[in-house]
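Colleague: Each chain is listed here by its residues.
Number of protein chains: 2
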Amino acid sequence: MRKVAVIGLGQTRFGQLWERGLTSLSVEAGVKAVRDAGISQKDVEVLYGGTMSGGLFANQEHLASKIPDYSGFKNIPSVRVEAACASGGLALRQAYLDIASGEHDIAVAGGVEKMTDLGNYSVTKVLATAADTDSEGIFGATFPGLYAMMAKLHMHKYGTTEEQMAAVAVKNHKNAMTNKYAQFRKEITVRDVMESTLISDPIKLLDASPITDGGAAVVLASEEKARELSDTPVWIAGSGHATDSISLHDREDILTLKATVEAAKKAYEQAKLTPEDIQVAEVHDCFTIAELLALEDLGFVEKGSSGRFTEEGQTMVGGKIPVNTSGGLKAKGHPVGATGIAQAIEAVKQLRGEAGNSTGAEIALTHNVGGSGGTAVVHIFRR
Amino acid sequence: MRKVAVIGLGQTRFGQLWERGLTSLSVEAGVKAVRDAGISQKDVEVLYGGTMSGGLFANQEHLASKIPDYSGFKNIPSVRVEAACASGGLALRQAYLDIASGEHDIAVAGGVEKMTDLGNYSVTKVLATAADTDSEGIFGATFPGLYAMMAKLHMHKYGTTEEQMAAVAVKNHKNAMTNKYAQFRKEITVRDVMESTLISDPIKLLDASPITDGGAAVVLASEEKARELSDTPVWIAGSGHATDSISLHDREDILTLKATVEAAKKAYEQAKLTPEDIQVAEVHDCFTIAELLALEDLGFVEKGSSGRFTEEGQTMVGGKIPVNTSGGLKAKGHPVGATGIAQAIEAVKQLRGEAGNSTGAEIALTHNVGGSGGTAVVHIFRR
Numbered sequence: 001m002r003k004v005a006v007i008g009l010g011q012t013r014f015g016q017l018w019e020r021g022l023t024s025l026s027v028e029a030g031v032k033a034v035r036d037a038g039i040s041q042k043d044v045e046v047l048y049g050g051t052m053s054g055g056l057f058a059n060q061e062h063l064a065s066k067i068p069d070y071s072g073f074k075n076i077p078s079v080r081v082e083a084a085c086a087s088g089g090l091a092l093r094q095a096y097l098d099i100a101s102g103e104h105d106i107a108v109a110g111g112v113e114k115m116t117d118l119g120n121y122s123v124t125k126v127l128a129t130a131a132d133t134d135s136e137g138i139f140g141a142t143f144p145g146l147y148a149m150m151a152k153l154h155m156h157k158y159g160t161t162e163e164q165m166a167a168v169a170v171k172n173h174k175n176a177m178t179n180k181y182a183q184f185r186k187e188i189t190v191r192d193v194m195e196s197t198l199i200s201d202p203i204k205l206l207d208a209s210p211i212t213d214g215g216a217a218v219v220l221a222s223e224e225k226a227r228e229l230s231d232t233p234v235w236i237a238g239s240g241h242a243t244d245s246i247s248l249h250d251r252e253d254i255l256t257l258k259a260t261v262e263a264a265k266k267a268y269e270q271a272k273l274t275p276e277d278i279q280v281a282e283v284h285d286c287f288t289i290a291e292l293l294a295l296e297d298l299g300f301v302e303k304g305s306s307g308r309f310t311e312e313g314q315t316m317v318g319g320k321i322p323v324n325t326s327g328g329l330k331a332k333g334h335p336v337g338a339t340g341i342a343q344a345i346e347a348v349k350q351l352r353g354e355a356g357n358s359t360g361a362e363i364a365l366t367h368n369v370g371g372s373g374g375t376a377v378v379h380i381f382r383r
Numbered sequence: 384m385r386k387v388a389v390i391g392l393g394q395t396r397f398g399q400l401w402e403r404g405l406t407s408l409s410v411e412a413g414v415k416a417v418r419d420a421g422i423s424q425k426d427v428e429v430l431y432g433g434t435m436s437g438g439l440f441a442n443q444e445h446l447a448s449k450i451p452d453y454s455g456f457k458n459i460p461s462v463r464v465e466a467a468c469a470s471g472g473l474a475l476r477q478a479y480l481d482i483a484s485g486e487h488d489i490a491v492a493g494g495v496e497k498m499t500d501l502g503n504y505s506v507t508k509v510l511a512t513a514a515d516t517d518s519e520g521i522f523g524a525t526f527p528g529l530y531a532m533m534a535k536l537h538m539h540k541y542g543t544t545e546e547q548m549a550a551v552a553v554k555n556h557k558n559a560m561t562n563k564y565a566q567f568r569k570e571i572t573v574r575d576v577m578e579s580t581l582i583s584d585p586i587k588l589l590d591a592s593p594i595t596d597g598g599a600a601v602v603l604a605s606e607e608k609a610r611e612l613s614d615t616p617v618w619i620a621g622s623g624h625a626t627d628s629i630s631l632h633d634r635e636d637i638l639t640l641k642a643t644v645e646a647a648k649k650a651y652e653q654a655k656l657t658p659e660d661i662q663v664a665e666v667h668d669c670f671t672i673a674e675l676l677a678l679e680d681l682g683f684v685e686k687g688s689s690g691r692f693t694e695e696g697q698t699m700v701g702g703k704i705p706v707n708t709s710g711g712l713k714a715k716g717h718p719v720g721a722t723g724i725a726q727a728i729e730a731v732k733q734l735r736g737e738a739g740n741s742t743g744a745e746i747a748l749t750h751n752v753g754g755s756g757g758t759a760v761v762h763i764f765r766r
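Residue numbers (the working numbering), protein chains in the order written: chain R, 1 to 383; chain F, 384 to 766.
Simulated from the structure, these hints should not be mistaken for lab results.
Careful, some of the hints might be misleading.
Derived list of chain R stretches under chain F, where covered just means 3 residues or more per stretch with a C-beta under 8 Å from a C-beta of chain F [to be verified]:
{"#": "1", "region": "202-212"}
{"#": "2", "region": "255-262"}
{"#": "3", "region": "268-280"}
{"#": "4", "region": "371-382"}
Think of the CB as a built atom: it goes at the ideal place given N, C-alpha and C, for glycine as much as any other residue.
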């Protein structure tokens, strides 16, 4: 397997973009990434794109044909992948494998979702198709409800508090102040979170990531091409991907996302690194409890201690391991198919020294989850 | 890139299976393929699955997690790919690339679609999301309508007749008589086709493939594993994939599927073969005109001569190149995400000498199309 680098980054603004459609978001992100790489559309040999539900959200499947067509990548092989909210991370991984294998030399990996402006469906109903329709969705389970069960058990078992969860949201909103693409650039307090509308006890409105439109793309290149085209290549040092039971009730322990544990293990092994080596991380904070679980499952802290660790400020810029310096899903926004790529963009910016919240890191990790943990994709990047 | 073989085959019956759901179809196909390969579920290292629209057809996305979970492949990396009706062929290709690259040694590539028993949507409306929603679907274009335009122009330009198109359906129904998994096992005549209900002039009901539920899966293995596990490995000698504009009006020539031409070119080059070397082929006959176009775009006949070639019986078993010996999409059925895998199953059966319509072939080709030609995937198999 060959070495692979990220050599170009592109993203749209994240937010409720009522005037924008799925296609225009995709094209903007892809073309920006191509320009950032200093190449042109005709240099792109293959496209991997992640979208959770073009069908239900935007009445458009077959994006594998439509996006390269509209982006000026006509006739190239193009693959849409889907693993719910991990679709973007999965697109990155599949593009990485493609180039690592020697099949192609230059790829675009993108992600997009258009979640506002729906017709017949509610967003919550569409997102519920990432859970098990037969054993969860049909009984009315929603993602706030599923994550609320994890949060309640974490509180019961480890003494985690609602204020500790709120600290995740407060940090991520603060981080988003430096990210010009973020949906929310507004600081909030623990009290704001605690007093926000209750969604599914103990999850409140400000514990939850928002509904977002947005697109993101990166250009990947083989070692030879990366050294030829880029002065600032960022290398993919490790890539791991695993699945778990789609439904919560089928897991041995609902407080451990086994998919995260397994995906991280593979990525650490490939990169020959341990959790202690990671200097900055973008993790999947679809709800504040999800960031706490990620800190544990990625090996940054002992199981059960993530709440205290966060409250102490150890995941803030300047702390032991800065997490979600981009603002995370919570404040940057969570256009589900684009999220995994947007995480990679922040990681690469950190390593290039171009991030708003610069940490000077040389090793970064990204962690993208589908559903309540049915899929996880972990990548490790090095300068 | 390493050599890759198909070592196991599994499929469900194709048809209107009112008592079956998406998951049970997937599991049946996958488990049968694993058994046919003589391995067990725990030997499967990675899964690639093709489905056009789990969301719109079955209210279930995130099959990348659900299917390995329910199939006993728990925790493995699993990727859902989508390229409309070419989703199955694309799953095969991505699994092939994964093993060829050295990432894994044993993969399942599957495809599934549950198209009957819909709630809010009509099947035609869901299928229309494979065309360009912005420039085709929104104006009411349906796939019978799009292919009817191609058929009309082929008739006008080359003198192709409705009877010649009907001959495709007659042949494929005859072929399906030997396929116990086929949806229609009933011979028809040219007169039956000509007298069937007009759908979109000149396409009549019996020129069109049906709405079908079904699943199909194959087990792929690296050369080392294939030689260890199988006495009848069938090798993937060539794999090609290309895209084209999603909408018909953006093409230079609507009678040439450029995606097919490009994908075939790559597959022939990789296999070091020419169209003359292919001894049996499964091509994408979603409508009878589509089989005629495929014969031309794959290089089996000169542009414009496919109607006469078919009428002469050259694509029947015993003819110059037997096409769709399984019954094709027309008579075997067309569960869109499963079709590309079902084509591979027929190709492998032909090379193993296990096909109902045995041709004794040693080289076979499969050709899977998404939309009106926005995606094409071509594979060449050798004994």
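Colleague: Using a Cβ cutoff of 8 Å, are there at least 3 residues of the region 371-382 of chain R near chain F, or does the coverage claim fail?
Modeller: Holds, because 3 residues of the region 371-382 of chain R bring their Cβ atoms closer than 8 Å to Cβ atoms of chain F.
Colleague: Are there at least three residues in the region 268-280 of chain R whose beta carbon sits under 8 Å from a beta carbon of chain F?
Modeller: violated (count 0)
Colleague: Has the region 255-262 of chain R got at least three residues whose CB is nearer than 8 Å to a CB belonging to chain F?
Modeller: holds (count 3)
Colleague: How about the region 202-212 of chain R: do at least three of its residues have a C-beta closer than 8 Å to a C-beta of chain F?
Modeller: violated (count 0)
Hints 1 and 3 from the earlier list are contradicted by this structure; the remaining hints agree with it.
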